[in-house]
Amino acid sequence: MVSHDGDNQKHSPAAEVVVVILPFVAQGHLNQLHRLSRRISTYNIPVHFVSTTTHIRQLRSRHHDSGQHSTVQYHQLPTPPFTSPPPNASARFPSHLQPAFESTLHLRRPFAGLVASLSASARRVAVVHDFLMSYVVQDVKTIPNAETYIFNPISACDGFWRAWERLGRPFSVDPDVLDRLPSDDGTFSPEFIKFVNLQLSHIGFHVGDLYDSSRVIESEYLDYLDREEIKDKKKIWAIGPLSYADKEVTTVSKNRHDCLQWLDLQPLNSVIYVSFGTTTTFRDYQIKELAIGLERSQQRFIWVVRTADFGDVFGDDAKALDLPMGFEQRVEGRGLVVRGWAPQMEILGHCATGGFMSHCGWNSTTESISMGVPIAAWPMHSDQPKNAFLICDVLGIGLMVYDWEHRDELVSSVAVEGVVRRLIDSSQGAEMRRRASELADGVRRSMVEGGACRMETDSFISCINRH
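For the sequence shown, position 195 matches number 195 in this note's numbering, and the numbering has no gaps at all.
Hints in this document: simulated from the structure, not taken from any laboratory. Careful: at least some of the hints might be erroneous.
With a Cα cut of at most 16 angstroms, we get these calculated EDC-like pairs of lysine to aspartate or glutamate [stated by the list, open to error]:
no., residue 1, residue 2
1, 235, 417
2, 288, 417
3, 234, 223
4, 235, 179
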């Protein structure tokens, strides 16, 4: 087993093995595998990070350290031009990104060529790819000294329930849990379901599965995934949360965002951070209700106001979102509106932040858990309803803004006001902060030598380095 004693520690060279990382092209997926690239590089293993020209540029524009890791090499593969329509606020799922998703199918041949080239001078090439790139990597199985590992970008909770249903419910589970579980209805568009099914038709030859999760967070669901009926003789490693690696950013950042200076002036645990990720756009009337609810709550807040990403973020400018007239003036001093990018990890890590109103994307969820911040859950699509269930029902560190079966209804300002007050200014919210803090401590302990995450990562490195 390879020892790993921290980012600044030198490790035994293992250049005879190279790792190729292939992320999916949505921002959250890029973030996860970029973090994994950095972690693997600390073992002195050459890492090749591969994506489209557009999305390598997108990654670099949003991660200023993406060129600072000398053992990570970036490969840009061209794709044909794809349409980049504006987000559709009337649709929960970001179907406007489907052309960008489909463009990845053109990477199959150039990716196989890159892996073949690397395999000529390496004892082994280990390809770690997002599940949603399974079609692209299908030719790797023809290269004798190359092997693949599926990176699952979702929670173990969502991953298990989808696999359990797909495999025909191969064993029984607690019926009470099934009764409380949100359905998969409305989580994907028909076009994306077809895209997922294409990926499913090209899995099975991989060595094992990586999860951006931890037994500290999801031990029950990781145990379910490790059952033979589900894993089918594949190895499983829970190597997360990968977002924890960015925790140090909160203390070393040189150019602090203005919102952090504003947070410095606020009392402990008094601010709710409101942000819905890079794939969500609200309708105008929902934005109005959210604004009214935040204003009437009388609680401090930071609200990131932005539209969802375009498929090509360097294309047309996004439409500015309109807030109610006079809103920013009325909440001045108590609320802060941030348009565009915000330093999420630094906000969540600030002592003034006492809650996070979130869409419950898995990156945002693990970032909030790593920082010990409870969540007001407002899921929109994909794995988010199951993540919200995990947060609120399993871990007890959050409140539902609304129930998933009412997803097509307007979330009223009264509902927003109520959940904000409960999370920030009630004994219930304080108890959730206590539980979230304990969970964050458990995550921290899992990262050190002898901890669960460290041992699982070492086990994965030992596997790809095996003779």
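- Are there hints from earlier that the structure breaks, and if so, what are their numbers? 1 and 4
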